[in-house]
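With the hints as extra help, turn the sequences into a complete structure.
For reference, the chains in residue letters:
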Amino acid sequence: EAGVTQFPSHSVIEKGQTVTLRCDPISGHDNLYWYRRVMGKEIKFLLHFVKESKQDESGMPNNRFLAERTGGTYSTLKVQPAELEDSGVYFCASSHEVDREQFFGPGTRLTVL
Amino acid sequence: GENVEQHPSTLSVQEGDSAVIKCTYSDSASNYFPWYKQELGKRPQLIIDIRSNVGEKKDQRIAVTLNKTAKHFSLHITETQPEDSAVYFCAASIMGGYNKLIFGAGTRLAVHP
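In order, the protein sequence lines correspond to chains A and B.
Mapped onto our numbering, the consecutive letters of the first sequence carry residue numbers 1 to 113.
Mapped onto our numbering, the consecutive letters of the second sequence carry residue numbers 1001 to 1113.
Simulated restraints, written as ranges between beta carbons of each label pair:
1. B:1069 / A:8: 44 to 52 Å
2. A:57 / B:1083: 34 to 42 Å
3. A:20 / B:1070: 37 to 45 Å
4. A:99 / B:1020: 26 to 34 Å
5. A:16 / B:1029: 38 to 46 Å
6. B:1060 / A:113: 43 to 51 Å
7. B:1113 / A:30: 41 to 49 Å
8. B:1059 / A:58: 29 to 37 Å
9. A:97 / B:1068: 18 to 26 Å
Sample of chain B residues with no beta-carbon within 10 Å of chain A, all distances over it, derived:
10. 1029
11. 1055
12. 1057
13. 1068
Read the hints as simulated data drawn from the structure, not as lab findings.
Even for Gly, the Cβ is constructed at its ideal location relative to N, Cα and C.
Have a look at this one:
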């Protein structure tokens, strides 16, 4: 079974540019989560999809972040315009049911210069 | 808001020694406590979890204990080996809710041969 995949693995952009991160969950997993780890701190929750619906987006930092999951399969997280403080590692996780183990992807390391 | 405190931030032990990592959570409604291990360059992986209806769980060299009254839980690794070297994250969530994970800041464990 293929695990959660994320693309790209690394992204370096300049302040003010736009970046789109992609997450492909494990096939059949309806629940998809985005998390972020900034500068060696805790991994912070961003949002949770159930299929194509946003179940909880309480962790989204501001309106420069837009997450989508059209069709309930893969998800994208767009940052526009990027700021320096957006640098960090963005993780995606998926689970079959909401009360089951969350499987993490390898993360996308975003650097905003 | 909800938060999880994790200590220590770094831990260095000799091979064969035991290692203990401690976490404290703030939300008394939390009832699920997973531990993730992230080896260098790899994705976070679940190594053990515990639900609030039990006080201790063991899996070979790894054990987790939970004190609901004090709102803290701990990871115990016995007979440490060099391959235990990694960053360990504790987390708390509410099963039956949205199940977003609230993570601690991580503990970097180094096991020296």
